[in-house]
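Asks: Take the sequences, apply the hints, and build the full model.
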Amino acid sequence: HYLFDSYSEKSVRTIRISFVGYIFPSPSQHRNMELNIEENPIATNIILIGLIWTIVIPILLLVVFRLSSAFCTWPIPLSRAYLPSRLPHPNPPERSIPFDIPLARATREQIDSFMTYRGFDTKNCKDIDLQVVAAEAAKYKGQLFEARLLTFLNGYYVLKKKSMR
Numbered sequence: 010h011y012l013f014d015s016y017s018e019k020s021v022r023t024i025r026i027s028f029v030g031y032i033f034p035s036p037s038q039h040r041n042m043e044l045n046i047e048e049n050p051i052a053t054n055i056i057l058i059g060l061i062w063t064i065v066i067p068i069l070l071l072v073v074f075r076l077s078s079a080f081c082t083w084p085i086p087l088s089r090a091y092l093p094s095r096l097p098h099p100n101p102p103e104r105s106i107p108f109d110i111p112l113a114r115a116t117r118e119q120i121d122s123f124m125t126y127r128g129f130d131t132k133n134c135k136d137i138d139l140q141v142v143a144a145e146a147a148k149y150k151g152q153l154f155e156a157r158l159l160t161f162l163n164g165y166y167v168l169k170k171k172s173m174r
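According to this note's numbering, the residues represented by the sequence shown are 10 to 174, in order.
Hints were generated in silico from the structure; no laboratory data involved.
Some hints here could point you the wrong way.
[Stated by the list, open to error] DSSO-like cross-link-like pairs, simulated, lysine-lysine; straight-line CA separation at most 30 Å:
| # | residue 1 | residue 2 |
| --- | --- | --- |
| 1 | LYS135 | LYS148 |
| 2 | LYS148 | LYS132 |
| 3 | LYS135 | LYS150 |
| 4 | LYS150 | LYS132 |
| 5 | LYS170 | LYS150 |
| 6 | LYS150 | LYS169 |
[Stated by the list, open to error] Label pairs and their computed distance ranges (CB to CB):
| # | residue 1 | residue 2 | range |
| --- | --- | --- | --- |
| 7 | ALA113 | LEU168 | 34 to 44 Å |
| 8 | ASP109 | GLU155 | 17 to 27 Å |
| 9 | GLU103 | ILE58 | 33 to 43 Å |
| 10 | THR125 | LEU159 | 37 to 47 Å |
| 11 | ALA113 | ILE58 | 50 to 60 Å |
| 12 | PRO50 | LYS148 | 44 to 54 Å |
| 13 | LEU96 | LYS169 | 33 to 43 Å |
| 14 | LEU60 | LEU96 | 47 to 57 Å |
Note that beta-carbon positions come from the ideal geometry of N, C-alpha and C, so glycine has one too.
Replies: Below is the structure:
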C-alpha cells in the first residue's frame, strides 16, 4: 500500500511515499521517504517506469484485446468447417493433410468422438453447439500446424539439418 503525494515546496519537487500498514505495521514504525526529483532523476525515472509497466501497459493490453475481440472476430462459417476422420490426425512434416468430414454433414457420433478427443464431455449434452465444434476444429488444425512448424524450425536451425529445405 503506497500513498504518493507530490507537492511543490520552494520550486523543489518532491515525492513522498508513505509505507503505511504493510511494511511498517505499527504506528510507531511509520516512516515517510522523501525523494527529491530534481536531485535524483534516475530514481524518479525508475519509479515512473515501474508505474507504467505495472499499471498502464496491462490496462492498455486489456483494452486492445477486448476491442479487437469485440470488433475483429467473426464466427467460423459452418459450411467451411471440417472435422478429421482419424484421431489423432496424421501430421507429416512435409505437408498438411486437410480434414475431410464437412461439419454440416457430420454425424453425432463423429462430433462426439472428436469433442471427446479434444477433452469435452458430450455424452451428457442433448444439443451440441456446432459453432463450438467448428472453433475447436480450427484450434486443433492450428495446433497441428504449430507442431509441424516447430519441428521444422528445430531441425533446420537447432539441429542444422540442411535437408529440411
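Asks: Sort out which numbered hints this structure fails and list those numbers smallest first.
Replies: 9 and 10
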